[in-house]
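Q: In case you want the letters, here they are:
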Amino acid sequence: MSFKLTYFPIRGRAELLRLILEASGSNYEYEPLHPSDWGTFKPQTPFGQLPILSTPDIGTIPQSMAIARYLAKKFNFYPTDLKEQVRVEVALEAIRDIADGILQIVADDDFQKLKVSHAKKVEAQLQYLEKFLSENSTASGYVVGDKPTLADLQAFNILDNFVKPLYPEILKGFPGVVALKAKIASIPNIQEYLKSERRPAVTLPGFAKALNTPEECQ
Amino acid sequence: STQSTGHPIHSILTMSVKLTYFAVRGRAEIIRLVLEAAGAKYETENVDFKDWATLKPKTQFGQLPILHDPDFGTISQSFAIARYLAIKHKLYPTNLKDQTRVEVAIEAARDISEGIVKIAFGDFEGQKENQGKTLDAQLHNLDKFLKENDGLCCGSGGINFGDLAIFNVLDNFVKPLYPDILKSHSVSQGLRDKVAAHSNVAAYLKSDRRPALTLVPGFAKTLNTPEPVSYTHLTLPTIYS
Numbered sequence: 001m002s003f004k005l006t007y008f009p010i011r012g013r014a015e016l017l018r019l020i021l022e023a024s025g026s027n028y029e030y031e032p033l034h035p036s037d038w039g040t041f042k043p044q045t046p047f048g049q050l051p052i053l054s055t056p057d058i059g060t061i062p063q064s065m066a067i068a069r070y071l072a073k074k075f076n077f078y079p080t081d082l083k084e085q086v087r088v089e090v091a092l093e094a095i096r097d098i099a100d101g102i103l104q105i106v107a108d109d110d111f112q113k114l115k116v117s118h119a120k121k122v123e124a125q126l127q128y129l130e131k132f133l134s135e136n137s138t139a140s141g142y143v144v145g146d147k148p149t150l151a152d153l154q155a156f157n158i159l160d161n162f163v164k165p166l167y168p169e170i171l172k173g174f175p176g177v178v179a180l181k182a183k184i185a186s187i188p189n190i191q192e193y194l195k196s197e198r199r200p201a202v203t204l205p206g207f208a209k210a211l212n213t214p215e216e217c218q
Numbered sequence: 001s002t003q004s005t006g007h008p009i010h011s012i013l014t015m016s017v018k019l020t021y022f023a024v025r026g027r028a029e030i031i032r033l034v035l036e037a038a039g040a041k042y043e044t045e046n047v048d049f050k051d052w053a054t055l056k057p058k059t060q061f062g063q064l065p066i067l068h069d070p071d072f073g074t075i076s077q078s079f080a081i082a083r084y085l086a087i088k089h090k091l092y093p094t095n096l097k098d099q100t101r102v103e104v105a106i107e108a109a110r111d112i113s114e115g116i117v118k119i120a121f122g123d124f125e126g127q128k129e130n131q132g133k134t135l136d137a138q139l140h141n142l143d144k145f146l147k148e149n150d151g152l153c154c155g156s157g158g159i160n161f162g163d164l165a166i167f168n169v170l171d172n173f174v175k176p177l178y179p180d181i182l183k184s185h186s187v188s189q190g191l192r193d194k195v196a197a198h199s200n201v202a203a204y205l206k207s208d209r210r211p212a213l214t215l216v217p218g219f220a221k222t223l224n225t226p227e228p229v230s231y232t233h234l235t236l237p238t239i240y241s
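Protein chains in written order, with the numbering used here: chain W, 1 to 218; chain Y, 1 to 241.
Bear in mind the hints are in silico, worked out from the structure with no lab data behind them.
Note that the coordinates shown come from a computational prediction; the quantities given were computed from them, not determined experimentally.
Beta carbons: idealized from backbone N, C-alpha and C, even for Gly.
It is possible that some hints are incorrect.
Cut-off 25 Å, straight-line C-alpha distance, at most; resulting in silico cross-link-like pairs (SDA-like, lysine to any residue) [stated by the list, open to error]:
(1) W:83 x W:138
(2) Y:41 x Y:198
(3) Y:118 x W:104
(4) W:73 x W:189
(5) Y:97 x W:43
(6) W:172 x W:134
(7) W:121 x W:179
(8) W:147 x Y:94
(9) W:115 x W:125
(10) Y:147 x W:41
(11) Y:144 x W:65
(12) Y:56 x W:124
(13) W:164 x W:83
(14) W:42 x Y:187
(15) Y:97 x W:57
(16) Y:56 x W:97
(17) Y:41 x Y:200
(18) W:113 x Y:123
(19) W:131 x W:178
(20) W:83 x Y:16
(21) Y:97 x W:85
(22) W:121 x W:99
(23) W:121 x Y:136
(24) Y:133 x W:36
(25) Y:144 x W:48
A few chain Y positions that, by computed beta-carbon distances, are all more than 10 Å from chain W [as the list claims (entries may be wrong)]:
(26) 99
(27) 158
(28) 190
Input sequences plus hints: build the corresponding full structure.
A: In structure tokens:
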């Protein structure tokens with residue numbers, strides 16, 4: 001079974017997908033799309049956006065979070081029990097809120113000023129997440145049950161690639177969140193990926209401005 | 001004010017879920033559409049805007065809607081709630097291909113609503129035309145997506161969660177601000193009409209259970225709220241029709 005992930009040469013909206021594929025240990029192809037080729041390629045995509053994933057069984061999938069759920073289900077990072085699924089989905093939404101809040105300000109001209117006032121919001125969001133993590137009855141440190149799910153991979157992704165670069169000290173007040181991040185980073189396949197050259201250098205979509213990439217890649 | 005019977009034990013005895021939100025469509029509307037399409041019984045607890053500051057710290061994420069399910073406890077986050085109810089009421093597919101199409105539909109719908117919400121509570125008049133061009137492109141792609149499955153999100157057995165998510169965004173976000181735009185997107189318009197014609201949905205759309213629409217350009221500026229008003233915190237109790 002082989003998958004092909006197409007995206008710009010940044011972490012951005014494909015990084016979660018790379019984490020799932022890497023954690024699964026499965027073979028996958030990565031097709032980097034250079035921003036100068038985007039104009040030609042864009043109309044060939046289902047929604048004029050990247051990432052897209054070519055799959056051996058259901059064709060090409062757009063929309064990073066739809067791709068993420070597909071891969072998570074394929075590679076046992078998505079629970080089969082409904083109660084557990086709900087915890088994963090609640091966590092995904094809470095983490096999405098954190099990412100969206102940051103995405104909104106990095107694109108703004110007033111970014112440096114907004115960054116300061118936004119920190120309080122991030123702290124409040126992390127507080128909710130910390131409490132939510134503590135409610136996992138297995139006390140494993142993961143979002144649900146005793147093994148990592150899509151929610152844990154996404155938590156790591158957003159904390160490492162969105163929160164930490166902007167607010168390096170902010171996680172110190174949240175030991176459960178810090179512990180989860182460390183647990184994911186220490187999964188052998190992930191650990192190896194994080195050190196490898198497969199991990200793109202650029203983190204935040206807001207950096208795209210400096211790369212002169214089109215808006216849509218954000 | 002609350003329209004529920006008030007006592008928590010009553011919910012368990014009647015085995016129905018309780019949806020807590022403001023008396024507006026907003027982020028709860030997808031949940032209402034799933035419950036209504038399924039013909040499920042549910043209680044509604046409306047929170048007055050003036051009571052929100054007191055209630056907010058008691059909620060799991062400082063947000064509404066929340067759902068209380070006697071089988072499950074309290075669930076937060078509108079799409080987590082809606083997906084749970086869709087699965088529970090068999091409005092979520094069981095095969096991975098169709099599930100993935102539903103998730104694509106939801107993301108496409110969210111892209112559309114988020115773009116609109118951003119300008120509706122920002123510089124609406126200044127951004128309306130630009131956003132209209134973005135919306136045209138989004139609806140063009142949505143038409144393409146629906147055409148892959150004969151005008152429905154997925155499968156052939158009638159409407160499901162994906163169709164409801166698209167309907168919600170078309171009827172409650174797109175149409176109020178861009179009333180004529182679907183004229184050039186017939187497949188999306190067709191999906192909208194198919195969902196509206198579903199007997200349970202049709203009954204809901206005519207009923208007084210359907211709350212007031214929220215999205216009013218520039219409304220946020222006129223409100224005197226104790227914290228900056230944004231759509232991620234709450235939707236505004238106003239009438240727009």
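Q: Could you run down the list of hints and mark each one as holding or not?
A: Taking the hints in turn, this is what the structure says about them:
no., hint, result
1, W:83 x W:138, "14 Å, holds"
2, Y:41 x Y:198, "17 Å, holds"
3, Y:118 x W:104, "10 Å, holds"
4, W:73 x W:189, "18 Å, holds"
5, Y:97 x W:43, "23 Å, holds"
6, W:172 x W:134, "16 Å, holds"
7, W:121 x W:179, "21 Å, holds"
8, W:147 x Y:94, "24 Å, holds"
9, W:115 x W:125, "15 Å, holds"
10, Y:147 x W:41, "21 Å, holds"
11, Y:144 x W:65, "20 Å, holds"
12, Y:56 x W:124, "12 Å, holds"
13, W:164 x W:83, "31 Å, violated"
14, W:42 x Y:187, "21 Å, holds"
15, Y:97 x W:57, "8 Å, holds"
16, Y:56 x W:97, "16 Å, holds"
17, Y:41 x Y:200, "12 Å, holds"
18, W:113 x Y:123, "20 Å, holds"
19, W:131 x W:178, "13 Å, holds"
20, W:83 x Y:16, "17 Å, holds"
21, Y:97 x W:85, "18 Å, holds"
22, W:121 x W:99, "12 Å, holds"
23, W:121 x Y:136, "33 Å, violated"
24, Y:133 x W:36, "23 Å, holds"
25, Y:144 x W:48, "11 Å, holds"
26, 99, "8 Å, violated"
27, 158, "21 Å, holds"
28, 190, "19 Å, holds"
Violated hints for the displayed structure, listed by number in ascending order: 13, 23 and 26.
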